[in-house]
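Protein chains: 2
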Amino acid sequence: MNNFRYHAYTDIRFGKGQVNCLPELVAPHGKKVLMVYGGGSIRKNGLYDKVKELLADFEVFELGGVEPNPKITSVREGAAICKKEKIDVVLAVGGGSTIDAAKVMAAAAYYEGEPWDLVVDSSKIGKVLPIVTILTLAATGSEMNKNAVISNMETNEKLGTSSHYFKPQASICDPEYLYSLPAMQTAAGTADIMSHIFEQYFQKDSGAFISDRFAESLLQACIKYCPIALKEPDNYEARANLMWASTQALNSLISCGKGGAWTCHPIEHELSAYYDITHGVGLAIVTPRWMRYILKDETVEKFAEYGRNVWSITEEDAYKCANMAIDATEQFFKDCGIPMTLREIGIDESKIDIMAEDTIKYNAMDKAYVALDKEDVANILRACL
Amino acid sequence: MNNFRYHAYTDIRFGKGQVNCLPELVAPHGKKVLMVYGGGSIRKNGLYDKVKELLADFEVFELGGVEPNPKITSVREGAAICKKEKIDVVLAVGGGSTIDAAKVMAAAAYYEGEPWDLVVDSSKIGKVLPIVTILTLAATGSEMNKNAVISNMETNEKLGTSSHYFKPQASICDPEYLYSLPAMQTAAGTADIMSHIFEQYFQKDSGAFISDRFAESLLQACIKYCPIALKEPDNYEARANLMWASTQALNSLISCGKGGAWTCHPIEHELSAYYDITHGVGLAIVTPRWMRYILKDETVEKFAEYGRNVWSITEEDAYKCANMAIDATEQFFKDCGIPMTLREIGIDESKIDIMAEDTIKYNAMDKAYVALDKEDVANILRACL
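Chains as they are written, first to last, in this note's numbering: chain A, 1 to 385; chain B, 1 to 385.
Just to be clear, a hint being listed does not mean it is correct.
The list treats identical chains as interchangeable, and a pair is accepted whether it falls inside one copy or across any two copies.
As the list claims (entries may be wrong) - Derived DSSO-like pairs: lysine-lysine, alpha-carbon spacing no greater than 27 Å straight-line: (1) K231 with K86; (2) K31 with K334; (3) K204 with K361; (4) K302 with K224; (5) K351 with K231; (6) K302 with K83; (7) K16 with K367; (8) K127 with K296; (9) K361 with K86; (10) K31 with K127; (11) K84 with K16; (12) K16 with K204; (13) K224 with K374; (14) K83 with K127; (15) K50 with K334; (16) K367 with K302; (17) K302 with K374; (18) K296 with K16; (19) K16 with K31; (20) K367 with K351.
The set of hints was computed from the structure by calculation and includes no laboratory data. For clarity, every value in this text was computed on a predicted model and none was experimentally measured.
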């Protein structure tokens with residue numbers, strides 16, 4: 001087992017009605033709150049009004065309209081408000097896009113230069129305003145982790161950045177907020193969760209038995225509960241398990257003792273950077289093709305283990321078991337209603353080479369589970385067409 | 001899934017050589033350190049000298065000799081030093097006993113009355129000095145949780161107390177410190193870890209799927225790695241997984257969304273209170289008898305699930321599967337070298353009734369997975385003879 005640090009200090013308040021803890025969670029950080037949110041969904045479901053009511057004794061500034069694949073333009077706006085109004089605490093109400101944007105705003109509040117610098121070079125992130133979140137989507141795990149992903153559409157860049165201080169001080173996770181999600185967001189969110197798990201699970205064996213079993217537990221939860229949530233959007237148990245899976249999948253718990261760089265996320269980030277597609281859909285399309293591409297003698301036992309422990313496949317031949325597991329993964333995404341080819345979402349082969357080049361340029365693909373070069377990435381993307 | 005709060009904020013530094021982080025972890029809290037430890041083992045393995053060397057720039061006071069089943073007398077001593085020397089931070093170097101004693105010292109430092117009050121009534125715990133730990137035993141999970149168990153041999157009481165502020169600020173977990181443990185401590189520590197998991201796992205179903213799968217993952221780790229650690233005391237992978245299992249088994253992770261009071265720990269606490277036996281040994285003896293005692297139509301499916309998911313038992317009949325799982329549990333403890341009857345550890349039936357009475361008196365046994373009264377507890381204890 002590799003050495004590791006585990007310090008997931010976010011104070012999680014999980015369950016029905018936990019939004020009522022909001023004043024208690026915000027108060028230690030100050031009175032001036034920047035409330036960051038996305039589109040109109042929190043106005044429709046009453047959450048916007050509830051937050052304003054609960055924060056009646058605070059001075060609340062607002063930045064709405066943060067978009068999916070959040071843009072650096074939104075970050076700049078938020079940072080300007082933080083500086084001008086001397087904000088004490090940033091409250092993100094939304095999914096991963098809103099939370100990620102809020103994180104970089106909170107860092108940019110203390111940064112004199114251009115906020116995009118903090119995305120390109122995380123070493124420039126210093127002090128960060130305290131962050132509190134109210135989660136409305138089960139997907140990115142941003143509610144309990146140090147990551148943020150920001151897009152710059154002028155330069156076709158979608159890059160991840162991170163800081164220990166990006167971890168929210170507190171997050172309110174009420175599964176009931178997921179009831180009104182469009183089916184595609186439930187499905188794509190689940191694909192995102194599963195991809196986070198795959199990225200950490202499929203790595204060279206380091207004897208981190210517990211992390212691997214935890215990873216399989218979370219995958220089983222996704223596979224069990226996503227179809228239920230799609231059929232019965234207000235099934236509390238399904239929504240609760242998906243929401244908790246999203247948090248646990250990417251708060252560093254299942255990478256404890258493990259190592260290695262990611263693969264599908266870097267590739268998908270290029271798809272989003274060039275085509276602004278839904279992140280989870282891109283991941284679902286890339287994942288099974290990547291799995292098939294890297295299946296070989298060095299990886300087959302791990303894929304067979306995945307098949308046995310997650311999909312309860314009893315086939316003893318390792319290659320057969322591995323292939324059945326990969327097929328099951330692809331079929332699962334398809335059954336959840338996710339378009340499973342790039343052409344279905346309007347992407348052709350014209351930019352494959354430049355996307356492959358950028359994937360290699362911005363990421364340590366040589367440190368991935370199976371090292372990939374530009375040609376490999378292009379081959380995987382072609383298999384996705 | 002029940003509502004829950006999850007806030008396990010301890011900064012864990014896990015792995016070989018992590019003790020070198022000690023100055024960095026202690027420094028934010030001040031210069032005056034009370035170093036608390038147990039018997040001579042940390043002098044033998046060089047850890048004592050290493051800590052003193054690393055803390056050369058700090059003012060270090062010492063309290064050694066904290067005993068297994070730590071006594072209130074030790075807590076009083078430590079609290080007196082904290083007050084007299086105006087200690088800034090308590091450093092516990094040892095296993096659960098040392099850490100638990102350190103926690104109550106850290107609270108008693110701010111308490112004007114008799115420290116035992118804080119054990120009997122946790123609501124009297126107010127401010128607590130920051131706590132840092134260096135863990136040398138995989139068992140109690142005290143390195144990342146809010147619990148402390150203290151014994152008062154004058155009154156034959158062994159009671160648990162807890163506070164959110166008992167959670168250590170940081171814990172150094174180096175599996176290599178476990179290499180020199182006597183075999184019985186490895187085995188008894190594993191029985192303690194497994195009992196923590198059972199107490200949380202065997203509860204009424206609340207749809208907390210992830211917590212149950214995580215619990216099974218940790219049980220599998222114990223079952224896989226304890227025999228390896230007993231055969232090869234310096235097998236790093238085995239020690240590392242056992243150490244991480246101990247931390248994750250009782251930092252509230254696997255009780256997220258679940259509820260209900262504990263059973264075997266309350267019963268064992270009476271055995272230790274009257275006979276000062278090794279906690280994990282008492283738990284190993286009680287556990288399978290408790291499982292058999294409560295096996296009935298309302299619980300059989302859960303025990304069968306345990307058999308299938310933890311022991312890979314394929315028997316379809318639920319009662320048969322459940323009984324095979326319980327037998328496997330008992331056999332496992334036996335194979336680890338733990339004496340599996342009370343008589344073997346010098347306990348006869350003379351105090352069974354008073355121990356049963358005290359179990360009921362001090363614990364909410366009516367809120368356990370299966371509610372037990374005094375007669376039930378006495379029956380379970382008699383089955384252990």
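Self-check item: Intra- versus inter-subunit Cα pairing at 27 Å for K16 with K31
Solution: within (26 Å within a copy, 44 Å between copies)
Quiz item: When no copy is specified for K296 and K16, does a C-alpha distance of 27 Å or less occur within a copy, between copies, both, or neither?
Solution: Classified as neither: same-chain Cα gap 46 Å, cross-chain 33 Å, threshold 27 Å.
Quiz item: Is it within, between, both or neither when you check K224 against K374 at 27 Å Cα-Cα?
Solution: Result: close neither inside a copy nor across copies, 36 Å intra and 41 Å inter.
Exercise. Up to 27 Å between alpha-carbons, please classify K31 paired with K127: within, between, both or neither.
Key: Both: 19 Å inside a chain and 25 Å across chains, each within 27 Å.
Practice problem: Indicate which option fits the pair K16, K204 if close means a Cα-Cα distance not exceeding 27 Å: within, between, both or neither. | Solution: Between copies, since 19 Å is at most 27 Å while 40 Å is not.
Self-check item: Alpha-carbon proximity context of K367 and K351, limit 27 Å
Solution: Classified as within: same-chain Cα gap 24 Å, cross-chain 62 Å, threshold 27 Å.
Self-check item: Status of K367 relative to K16 across identical chains (alpha carbons, at most 27 Å)
Solution: between (42 Å within a copy, 23 Å between copies)
Self-check item: Intra- versus inter-copy proximity for K86 and K231 (alpha-carbon distance at most 27 Å)
Solution: Answer is neither: 46 Å inside a copy and 61 Å across each miss the 27 Å cutoff.
Quiz item: Within a copy, between copies, both or neither: where do K361 and K86 come within 27 Å Cα-Cα?
Solution: neither (38 Å within a copy, 55 Å between copies)
Practice problem: Please work out whether the CA atoms of K302 and K224 approach to 27 Å or closer within one copy, between two copies, in both situations, or in neither? | Solution: both (22 Å within a copy, 18 Å between copies)
Self-check item: Alpha-carbon proximity context of K31 and K334, limit 27 Å
Solution: Neither. Shortest intra-copy (47 Å) and inter-copy (59 Å) distances fail the 27 Å Cα cut-off.
Practice problem: Up to 27 Å between alpha-carbons, please classify K302 paired with K83: within, between, both or neither. | Solution: The answer is neither: 49 Å in one copy and 55 Å across copies each exceed 27 Å.
Checked against the numbered hints listed earlier, the structure breaks hints 1, 2, 5, 6, 8, 9, 11, 13, 15 and 18; every other hint is satisfied.
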